[in-house]
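Trainee: Assemble the whole structure, with the sequences as input and the hints as a guide.
There are 2 protein chains.
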Amino acid sequence: MAGPGEFELIRRFFRRPAVPARAPLGIGDDCALIAPGDEGVLAVSTDMLVAGRHFFDDVDPEALGHKALAVNLSDLAAMGARPIGFTLALALPQADEAWLGAFARGLFALADAHGCELVGGDTTRGPLNLCITVFGSVPPAQALRRDRARDGDDLWVSGTLGAAAWALACRLQAGAWPDTGDAPLIRARGRLERPEPRVALGLALRGLAHAAIDLSDGLVGDIGHVLERSSAEAGVTLGACLEAAALPVDPALDGLPEPRRLELALAGGDDYELLFTAPASARGQVLDAGARIGLTLSRIGRIEAAAGLRLHDPHGRPIAFHARSFDHFR
Amino acid sequence: MAGPGEFELIRRFFRRPAVPARAPLGIGDDCALIAPGDEGVLAVSTDMLVAGRHFFDDVDPEALGHKALAVNLSDLAAMGARPIGFTLALALPQADEAWLGAFARGLFALADAHGCELVGGDTTRGPLNLCITVFGSVPPAQALRRDRARDGDDLWVSGTLGAAAWALACRLQAGAWPDTGDAPLIRARGRLERPEPRVALGLALRGLAHAAIDLSDGLVGDIGHVLERSSAEAGVTLGACLEAAALPVDPALDGLPEPRRLELALAGGDDYELLFTAPASARGQVLDAGARIGLTLSRIGRIEAAAGLRLHDPHGRPIAFHARSFDHFR
Chain A
0 MAGPGEFELI
10 RRFFRRPAVP
20 ARAPLGIGDD
30 CALIAPGDEG
40 VLAVSTDMLV
50 AGRHFFDDVD
60 PEALGHKALA
70 VNLSDLAAMG
80 ARPIGFTLAL
90 ALPQADEAWL
100 GAFARGLFAL
110 ADAHGCELVG
120 GDTTRGPLNL
130 CITVFGSVPP
140 AQALRRDRAR
150 DGDDLWVSGT
160 LGAAAWALAC
170 RLQAGAWPDT
180 GDAPLIRARG
190 RLERPEPRVA
200 LGLALRGLAH
210 AAIDLSDGLV
220 GDIGHVLERS
230 SAEAGVTLGA
240 CLEAAALPVD
250 PALDGLPEPR
260 RLELALAGGD
270 DYELLFTAPA
280 SARGQVLDAG
290 ARIGLTLSRI
300 GRIEAAAGLR
310 LHDPHGRPIA
320 FHARSFDHFR
Chain B
0 MAGPGEFELI
10 RRFFRRPAVP
20 ARAPLGIGDD
30 CALIAPGDEG
40 VLAVSTDMLV
50 AGRHFFDDVD
60 PEALGHKALA
70 VNLSDLAAMG
80 ARPIGFTLAL
90 ALPQADEAWL
100 GAFARGLFAL
110 ADAHGCELVG
120 GDTTRGPLNL
130 CITVFGSVPP
140 AQALRRDRAR
150 DGDDLWVSGT
160 LGAAAWALAC
170 RLQAGAWPDT
180 GDAPLIRARG
190 RLERPEPRVA
200 LGLALRGLAH
210 AAIDLSDGLV
220 GDIGHVLERS
230 SAEAGVTLGA
240 CLEAAALPVD
250 PALDGLPEPR
260 RLELALAGGD
270 DYELLFTAPA
280 SARGQVLDAG
290 ARIGLTLSRI
300 GRIEAAAGLR
310 LHDPHGRPIA
320 FHARSFDHFR
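First to last, the sequence lines map onto chains A and B. For what it's worth, numbering that gives the first Met the number 0 labels the leading residue of the first sequence as 0, then goes sequentially. For what it's worth, numbering that gives the first Met the number 0 labels the leading residue of the second sequence as 0, then goes sequentially.
A couple of the hints might just be wrong.
Which residues of chain B face chain A? A partial, calculated answer using Cβ under 7 angstroms [unchecked claim]: (1) L32; (2) A34; (3) S44; (4) T45; (5) R52; (6) D56; (7) V58; (8) D74; (9) A77; (10) T132; (11) S136; (12) R170; (13) R298.
In case anyone wonders, no lab produced these hints; they're calculated from the structure. All values reported here derive from a predicted model rather than from experimental measurement. Ideal placement from N, C-alpha and C gives every residue a C-beta, glycine not left out.
Mentor: Pasting the structure below:
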């Protein structure tokens, strides 16, 4: 193929002026060097995004650049870690410069907003695939692990739920995004394509939350991960009850029937909000933390020493529901 | 698809008993936690391998598991870093359990040999793609950077050159691996499919070598990287001269015509040997280091304060050559 080569592409789109940072050596050598700073250990997470599976082939590349990093920063947030840097591996069917320019714009806008430096990468030819590995720092004793929920903890969730899954369902049904301005769908599409990683919340929850996880598979599935890991860690069987009326269903879903709203909030994936548990004694501090960073935090239920997940109406009556998390191989 | 789901796959093939290690928290949370230990900073590298580009669709999955990690460990070796752990992101067209079992065997055999722990990952459906990010530790002042070559340095290379590229050329020409036992080709295929990362050499070269790089693009291209980066760093134009007779051409190529052997040694990629520079005063120590770890080290030339790469015969007469490195987008 004619056109710029691999090293030229890297230089043009992904090499940036050196800045004083915590990466003593960035892009261009066999490895990058990263110093964890004063906080002791590095938090590391990796996510792979595949065309046709995690995003549509006609995705806006700027939004894709944002989302590819956002889902990784969301993992740092769920750990209470402060972003340091990331690596990017990219398989591309062809070297499309307009596409790469827009992708890099979306990627670096979010990276800069979080002080997260691109430290290394790999570029190759192949079916479109993005793999980002992100690094953050966290004092080990303050890391927000998913296995630390305790009987009696409040269950909290940030922001709103269900909009991303609804946008995805609309798009799959229609086969394309509508041209006309449907305000709820425009809002929901923004939630799907440009999730905001809750990094500031993760930092604010250090020393406050017991357990935390980011919502990627859907609320029910992700609560299940917390319960499974925390039960094993505590040596007791933990479950949870949720108050349906407390679920912060996204306003984009206001026009939908109640059962559908509930289903999307419970089972819809891709919200990238934080789910966390904290002792009841910390309610005031949790609400203060949310107010400080300008993010609504909703207390949606409680951890209990009884297996399973229960959903209640405002009168305490059980609501039947069936919701599964998303699994790439089912 | 029927069959095991994503989380079950991860559990079955990639979760292993916890061992006391430098990853205080491994697979199963939003992030892994990695402590760099006493050595100060983390060395990080990422490589993406795509089916049909970096390996054949019919590749032995056990060899692929080995190679996917080996090319990453090779980057740590080239930095003088000690392996700590790695993340694995995997896109698979289907959940083939026999394939995954063999892949995991090859992967973990090499990981265990180097004390390198799988700390996290991601599994998704998609065209076969492997992305590994590897972490090692290195005292920053002892990191073997590619931009530290100096005028007058000896140029050294470990092991042998050219066999991997020859095996690849044979396979591409024949369209399949031959069934019959052609000893040189069997040896060469082993070099292509099961490169041995020179981790012990990287550690032995700390404080001894000036610059180092691993040979993935081919000797000429990789020397070019060292010269380009070191010239920029030193503010002088550096070049190199190579002695053709000193190149450690792999014995698998003994039956080939001399110009072809030279071409493969100079331009063939995928050798994953280390190329390094060291002051002439360190010759004895370099040879001792090679003897200690049982790896032949060949002094193949010298860094000079004159642009370009020159090749000489044993009588000092120039040999014309034309060799390019491999570029995924050319």
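Trainee: Measuring from the C-beta of T132(B) to each C-beta in chain A, is the shortest one below 7 angstroms?
Mentor: Since the shortest Cβ distance to chain A is 4 angstroms, the answer is holds.
Trainee: Grab the minimum C-beta distance from L32(B) to chain A and call the hint holds if it beats 7 angstroms, violated otherwise.
Mentor: Cβ of L32(B) sits 5 angstroms from chain A, so the hint holds.
Trainee: Under the criterion of a CB-CB separation shorter than 7 angstroms, is S44(B) in contact with chain A as hinted?
Mentor: S44(B) check passes; min Cβ-Cβ to chain A is 4 angstroms, inside 7 angstroms.
Trainee: Let's test the interface hint: is any C-beta of chain A closer than 7 angstroms to that of D74(B)?
Mentor: holds, 4 angstroms
Trainee: Next item in the hint list is T45(B). Is there a CB on chain A closer than 7 angstroms to its CB?
Mentor: holds, 4 angstroms
Trainee: Verify the interface restraint on S136(B): the C-beta must sit less than 7 angstroms from at least one C-beta of chain A.
Mentor: Constraint on S136(B) not satisfied, violated at 10 angstroms.
Trainee: Restraint: A34(B) near chain A, CB-CB cut 7 angstroms. Satisfied or not?
Mentor: holds, 5 angstroms
Trainee: Under 7 angstroms, Cβ to Cβ, is where R170(B) needs to be relative to chain A, so tell me if that hint holds or is violated.
Mentor: violated, 19 angstroms
Trainee: Please verify that hint: A77(B), Cβ, nearest Cβ of chain A, below 7 angstroms or not.
Mentor: holds, 4 angstroms
Trainee: Given a cut of 7 angstroms on the nearest C-beta pair, is the interface hint for V58(B) held or broken against chain A?
Mentor: At 15 angstroms from the nearest chain A Cβ, V58(B) fails the 7 angstroms test, so the hint is violated.
Trainee: Grab the minimum C-beta distance from D56(B) to chain A and call the hint holds if it beats 7 angstroms, violated otherwise.
Mentor: violated, 13 angstroms
Trainee: Does R52(B) hold up as a contact with chain A if the rule is Cβ-Cβ below 7 angstroms?
Mentor: holds, 6 angstroms
Consistency note: the structure conflicts with the earlier hints numbered 6, 7, 11, 12 and 13.
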